[in-house]
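Novice: Each chain, written out:
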Amino acid sequence: MLTVDEIVVILLEGLFGPPMLFFALGIISVLVKSDLEVPAAMRTGLAMFLLAAIGLNGGSEAVVALVKYPALLAVIIIAALFSIFCGVFISFSTGNILKKFAGLKTADAWAAAGHYGAVSSATLAVGVSIAAAAQEAVGSGILVFGGWMPALYPFMDSPALISAILIGRIALAKEGIGGGAKVDPKKILHEGVFGMAVWLLVASLVIGMLAQYFSPKEMDRTMLFFGDMFRGVLCLFLLDMGLAAGKQIGALKELGKRIGRAFMVAFILPQLWGVMGILGIYALHLAFPGLLGWGDAFVFATIAGGCSFVSAPAAMRASIPEANPSIYLPMAVALTFPFNIIIGMPLWQIMCRVLWGA
Amino acid sequence: MLTVDEIVVILLEGLFGPPMLFFALGIISVLVKSDLEVPAAMRTGLAMFLLAAIGLNGGSEAVVALVKYPALLAVIIIAALFSIFCGVFISFSTGNILKKFAGLKTADAWAAAGHYGAVSSATLAVGVSIAAAAQEAVGSGILVFGGWMPALYPFMDSPALISAILIGRIALAKEGIGGGAKVDPKKILHEGVFGMAVWLLVASLVIGMLAQYFSPKEMDRTMLFFGDMFRGVLCLFLLDMGLAAGKQIGALKELGKRIGRAFMVAFILPQLWGVMGILGIYALHLAFPGLLGWGDAFVFATIAGGCSFVSAPAAMRASIPEANPSIYLPMAVALTFPFNIIIGMPLWQIMCRVLWGA
Amino acid sequence: MLTVDEIVVILLEGLFGPPMLFFALGIISVLVKSDLEVPAAMRTGLAMFLLAAIGLNGGSEAVVALVKYPALLAVIIIAALFSIFCGVFISFSTGNILKKFAGLKTADAWAAAGHYGAVSSATLAVGVSIAAAAQEAVGSGILVFGGWMPALYPFMDSPALISAILIGRIALAKEGIGGGAKVDPKKILHEGVFGMAVWLLVASLVIGMLAQYFSPKEMDRTMLFFGDMFRGVLCLFLLDMGLAAGKQIGALKELGKRIGRAFMVAFILPQLWGVMGILGIYALHLAFPGLLGWGDAFVFATIAGGCSFVSAPAAMRASIPEANPSIYLPMAVALTFPFNIIIGMPLWQIMCRVLWGA
Amino acid sequence: MKLREATKVVIITEALIEEQIISLLAELGVHAYTIFREIAGEGTRGIRSGDCLGKMCSNVCIEVVIDEEARAQAVIEAVYNKFLAKHYAGIAYLENVRAFHH
Amino acid sequence: MKLREATKVVIITEALIEEQIISLLAELGVHAYTIFREIAGEGTRGIRSGDCLGKMCSNVCIEVVIDEEARAQAVIEAVYNKFLAKHYAGIAYLENVRAFHH
Amino acid sequence: MKLREATKVVIITEALIEEQIISLLAELGVHAYTIFREIAGEGTRGIRSGDCLGKMCSNVCIEVVIDEEARAQAVIEAVYNKFLAKHYAGIAYLENVRAFHH
Ligand SMILES: Nc1ncnc2c1ncn2[C@@H]1O[C@H](COP(=O)(O)O)[C@@H](O)[C@H]1O
Ligand SMILES: Nc1ncnc2c1ncn2[C@@H]1O[C@H](COP(=O)(O)O)[C@@H](O)[C@H]1O
Ligand SMILES: Nc1ncnc2c1ncn2[C@@H]1O[C@H](COP(=O)(O)O)[C@@H](O)[C@H]1O
Ligand code: NA
Ligand code: NA
Ligand code: NA
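Protein chains in written order, with our numbering: chain A, 222 to 579; chain B, 222 to 579; chain C, 222 to 579; chain D, 46 to 147; chain E, 46 to 147; chain F, 46 to 147.
These are calculated hints, taken from the structure and not from any lab test. Since the structure is predicted, the reported quantities are computational estimates derived from the model, not experimental observations. Don't be surprised by glycine CBs; every beta carbon is placed ideally from N, CA and C. Heads up, a few of these hints could be off.
Said to hold, decoys possible - Straight-line alpha carbon distances no greater than 27 Å define the calculated DSS-like cross-link-like pairs of lysine-lysine that follow: (1) B:Lys395 with F:Lys53; (2) E:Lys127 with D:Lys127; (3) B:Lys408 with F:Lys131.
Claimed, not checked - Sample of chain D residues facing chain F (criterion: CB under 8 Å; computed from the structure): (4) Ala51; (5) Tyr78; (6) Ile80; (7) Phe81; (8) Arg90; (9) Glu140; (10) Arg143.
With the sequences and hints as input, model every part of the structure.
Specialist: Structure follows, in structure tokens:
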């Protein structure tokens, strides 16, 4: 069992680790009106690096594990199905809660719901960074984090976006709004699978598997870049995310009187979805002992609990243009993302470690 | 001698190493209409890194070898002369073959010929990566790849471009086309020497020599960046090249009925030029034993067999504007480049290893 | 004591180390009209990396030292006060010298003075690179460079800019020029503290302190990026600075007849300010023995002697628009910066080593 | 001389719908245009200069030179009605030019 | 149809003063404009295409569509007098457009 | 007020020949212009938005404000005849402006 001291150390190490401090720097920079900016090309470069690194690492570890434990395949398939369920369920519940409890308009509620159901690559990257460090710390004898979890990204992301959009459009049609807007699930699915983030992540995972299998030495040389640089690149990436969060803080005022409830939703809901994810993976762990570590559950929590703020906004602006971006953007990037990485993640980590007794 | 098993391993390691898989990812991304894109500034950054790294590494190894074996200087000079010959010969032959055998128009034939004669930095980078890994694998006791070969770049590139343009313009003048277009060999030579790619590569080679000689410790610190990151950066660079290749596949249809022959030319000719290069370096090896490894011949083959698709297109568009870029661009980037790195390079590698008995 | 041989080695290692050679490459590239260019986004990325790296490293070393020697706090505070003095004094003296000795117009003299008083991040980065290498070479037993010196940046930069602008505007007002131009010291101070360079540097220093204290393992992982890559990134950054310097060489002709004197000022003055800085830090060293190494004095010299050419020009263009940028830009970037890193730095290094007997 | 009167349609709107606008132009038979990307701006719907990530918060400017004034009017009207009138931020206007295109 | 005559003010000047110009526009009650950044150019005050670092040597183009010609003239005059007439490089001009903005 | 009638020459063409066009402008005595780089577009010669590497597949827009209409016409004609009429993709047009340059 974790002692209180150990918990305090986990919290402090996370909060005062370089990545989190660079995120804080980003927010503060906006508040003090610094002209610090990350150029768009650099942002893309940092994101591509992180996604490729997460994929390559996950793929190479997955292939080793799959060779050793073929049963892992069943685990992965079940986890993928569970991801689909989570995606649909989170979008559906969040939309209803936002409409009924937080008082958002129909369009705003369902547009925001899609963000919560979809996957946030930035949140995932922070989660992987923590889980990988924990795995490194205990050595390869004990399984903490199998690396392949990020492959579930599209299995939660696309179902979440599609269901939010479909439900939202039906609800709007009932209200007689935007009857003319066309929804093309095929197009949304295409964007969900071949959109930059998920496509690069999953493809890198496949590359990692193939390369680890056929060309392990080349793979090692490649990981001198994608492995060793990961933490540092994450710092610069989170600096940029902090800048984005800071810039949206001002837009929170658009929420008006609903801000209190929006605040609660933005904070509490993702915790629920994270916990739901953890419990699901824990059940899978009980069913297939030895194939899942606490870091796997933790990373799944970051997938389920994360709230997309790069790809979801673009998808929602195109599919539910009636919704006001000044509602969902600040909720996702200025409230939920910081909440998740500052408060949610330590809690999820503690929960996972307690469940796994690690 | 190489056994069949070893050959299979060479082929598999190459094809399923991370760089090649990222190249494939680039092509596939275009085919599936992913929005994955490498920003232009990032592309330049990746290319600058690779060119500087190849130069620095080559320079530092060259200076060590030159101090040990002064005769190497003669080898380098002869190799440079051989490069000039190759450049002119490849442009001349390719132009005639494209016109007579493949049925291209005069302007298109000579514009394309210049691409085949010129040097492709991307092909070269892949070649260096393979040769350097082979050198690393055997340790510093046996010479595989001396590192300085990339310095021959301008000695093949400029003569190839200049001769293709001059012959092309004369042929066009005979046909009474574009009599007014001016060709300025001095300008082309200037661009050939001071154009970004070749200039950065050669200058880095000189920097590597000087720094290795005067400041070896600083050089070591510098190579933590330029050495260790090489393979990973190459992956992202090849991803971008794959995207470029994929985007040109559609343009292949412009070749119309000539596509079959263009296909053959794009595939077979570079193999010939690569083999010609290998044989030349092998002859030099026989004349000056102990100064050239199989990796040197292999890298020379990538210089001779590579087909430029960044600097040559720009030079040709300016000097033979009558030619249709939709002929030479897809041939260079969507046919020859993939052929070369997927099929040509393994063959050249096997040929070199057989010749050197390694 | 340093022998002549050792001095020659210091000079050669510095001049022919990769960073300096890449700087030379930049200048030469412009002279030979190469099209080598560093994209703006890449420039920003390189600068952000260097500033964050300097800060993180300095912060983590400072926190270790502060825990060990609490008296260091007093040293830092006194050094900060000395920095403020240097900033004001350098601006004041340089402005008068430029006006009276070099014959510049009032506006040009004070605008240029601000550049000399302000801090050059590029110069600082080169200085830190040299001092850190020296510290590394002797191991952690002996103190060479404590790492925290760069934190003094804003304490010299803002006072220098503000005083140059205020004195300049008063002088211009006396001459009846630009009576309408408003000077807002608060705004200049804001830019001085929250401008990209100084803000990122100082914030990274604080991040380094917090992370080293609370999360040392995370810090180590982060420094695989910010530490190991430093020298290589500096090379590419200096290549870009060389390009910038080269492009301004042509503008030197605007100095007309005053060029001889401007040349002398650009060369000699910064040497004086560097020496002044060294003596001040040496006095502090005598007062608080054991807390300051020669590398600290050396880095302080690069802060005092450096002449800003990125942030100062922008500040001056906005505050003294009457001044001609073609006077101060080439002086800063094409004269003083090269002088400082090629000639000044070796001299400062020798002086510091002699004073410290190292 | 081949100078002739023409009308330039200028559309400034959210980068996100660039492709949709190009599709609409294609439907209207317009296959020649120029695109200025990553531009910023302010309008009635707030400052849009990179306040968020991805394409969400940058603008795009699409210029189309069209020979017949009537077609230009049809194009601007179609774009306006489908996108700018309803949900997307932006402005569209016409300019008289004298074009030299072959 | 909602097309109406309007005037477009175009200001091309040093990137460095972009914010100051936007402030002046705001003072004049103008809160809608489009900005093209990182453009290059040459003029009487030398080539300005990235010959130095930072924002010092790039230009910016600000376009403002204004309904009343008189206000457009007031805007261009204010910008010209405050910035371009004195110390900063640049050019400003008006164009007639037919705008379709809501 | 110093507003005066002028003509703006707009040239949109392949980025590759930017320098050649600037040289031609210089030959014609034109030393003031503005350049918008890395723009995309489609025309009769295919989509040109970064389908290949380097400068090959991006466009450039060069704008020149010229006082005398006749000179503007000479400039556009020279550019058109030397580049656009023959081998290079692009369009060129004139606009009437009222300039405020010193
Ligand atoms: N009057 C105007 N002049 C120039 N650009 C405008 C104007 N109004 C709107 N825009 C552009 O259109 C975008 C969206 O405007 P709006 O729909 O008013 O928010 C702005 O960001 C500007 O780039
Ligand atoms: N006649 C012109 N046509 C187009 N752009 C111009 C013109 N004159 C000046 N500019 C632009 O304004 C900037 C500053 O011009 P100047 O103040 O003349 O140095 C130049 O870099 C150009 O971008
Ligand atoms: N009618 C037009 N309107 C706006 N831009 C055009 C037009 N025609 C051509 N262009 C621009 O000129 C480039 C080359 O056109 P083209 O020579 O027709 O292939 C295109 O990529 C566009 O940027
Ligand atoms: Na989610
Ligand atoms: Na070749
Ligand atoms: Na200084």
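Novice: For every hint, state whether the structure bears it out.
Specialist: We went through each hint and held it up to the structure:
1. B:Lys395 with F:Lys53: violated (41 Å)
2. E:Lys127 with D:Lys127: violated (40 Å)
3. B:Lys408 with F:Lys131: holds (22 Å)
4. Ala51: Check passed: Cβ of alanine 51 (chain D) comes within 7 Å of chain F, closer than 8 Å.
5. Tyr78: holds (6 Å)
6. Ile80: Isoleucine 80 (chain D) check passes; min Cβ-Cβ to chain F is 4 Å, inside 8 Å.
7. Phe81: Holds. Min distance 5 Å.
8. Arg90: violated (24 Å)
9. Glu140: holds (6 Å)
10. Arg143: OK, holds: arginine 143 (chain D) within 8 Å of chain F, min 4 Å.
In summary, the numbered hints that this structure violates are 1, 2, 8.
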